[in-house]
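Engineer: Letter by letter, the chains look like this.
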Amino acid sequence: MKLRYFAWVRERVGKPEEDIDVPPGIGTVGELMTWLASRGEEYAHAFENPKVIRAAIDRTHVRPQAAIEGAGEIAFFPPMTGG
Amino acid sequence: MTIASTVRLQREPFDVSAEAAKLTRGRTDVGAVVTFTGICRGDEAGEQIAALTLEHYPGMAEAEIERHVADALTRWPLLGVTVIHRHGRMQPGEDIVMVATASSHRQAAFAAAEFLMDYLKTRAPFWKQVEKAGAKTWVDAKEADDAAAGRWSPTRKQAVE
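In order, the protein sequences belong to chains L and A. Numbering follows our numbering, in which position 57 of the first sequence is assigned residue number 58; successive positions increment by one, without gaps. Numbering follows our numbering, in which position 34 of the second sequence is assigned residue number 58; successive positions increment by one, without gaps.
So here's chain A without its partners, still in its complex pose:
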């Protein structure tokens, strides 16, 4: 059994379907691929957004995502995982992040994709800044995201506060 695992940070756009296709190419043991794509919305709390800039901590961002991919591989019988996160400036409608998971059956693929996204939002060192009405503001972390990540860990040891 080969497990194809890819973690990439980049400025450039990515091709979700090409990335998903790579997880099944040349093999017939994959029965399910789940892809999630996070997209830059055109509004935030009813206000129009001109652009979004994502800052990240090079080195730590990759390491943190890889750590959670490794964790996902121990939790579910996955055959492939791809996580690509963009940084830099992007406009409404552009893809920001993608997670693709492959498994023999759908449950593992769905659960692992959700797990990875929940952790990406709260533990991977990325920060969003929005540009609207000529002003730049940092996006506040959401308690709902912390709660979503917390449900994967009964001890809640990943919560800093």
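This is chain L alone, in the form it adopts within the complex:
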């Protein structure tokens, strides 16, 4: 599964994207964030407050309870500030 990071989430993780094998038992976007936060200091920093992080599956906004099964690309980013 491909993960992409944007803005300060990208800066804290230290890379714009990566391919990962999600361990069994992780079913939702929220669970994925909790697991990511355990992958090291930079991830812990990026995902220290998961409530503020937004997510998209295959380029569509999703909530933390969204299932990740079948997802090709999951993106994590801060609240948007365009316009």
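It is possible that some hints are incorrect.
What the hints assert, rightly or not - Each computed DSS-like pair below joins lysine-lysine, with the alpha-carbon atoms no more than 25 Å apart: (1) K52(L) / K166(A); (2) K3(L) / K16(L); (3) K52(L) / K160(A).
Just so you know, the hints here were simulated from the structure itself, not pulled from any lab data.
Knowing the structure of chain L, use the given hints to seat chain A on it.
Structural biologist: Same frame as chain L, now just chain A:
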């Protein structure tokens, strides 16, 4: 009735009047064109800004804007919509984003332009970083922008929190 719809993301500056003129060229059914231009301000909370950098999520940004343009077309009798959003680094005084809406009457054009801007600010995947006093900082999302977008949806289902 032809509906001219354009969504573009680009690094380069755009020409607001040329884009607005395209919405009325060769037709006489348009009675109103509203244009909104978002411009890079020279200060943020009283501090001078050297530049603004806009990061975006390629692919999703276009799709998200197109989704809201399609939504606007179902809500109002529009004859044309143009949304252009820049990304990359820009300096104070430069245009960042433009929305132009065309309709037979002004109400639809005004409302649709405001609707599109409210959604662009809260739902389109763009992030602003400002450079000031030698430091780069990410701009925080504003609750007022969420509230502005929320008023278009009675169920507020677009609010993530």
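Engineer: Determine for every hint whether it applies to the structure shown.
Structural biologist: Structure-based check of each hint:
{"no.": "1", "hint": "K52(L) / K166(A)", "verdict": "holds (16 Å)"}
{"no.": "2", "hint": "K3(L) / K16(L)", "verdict": "holds (12 Å)"}
{"no.": "3", "hint": "K52(L) / K160(A)", "verdict": "holds (24 Å)"}
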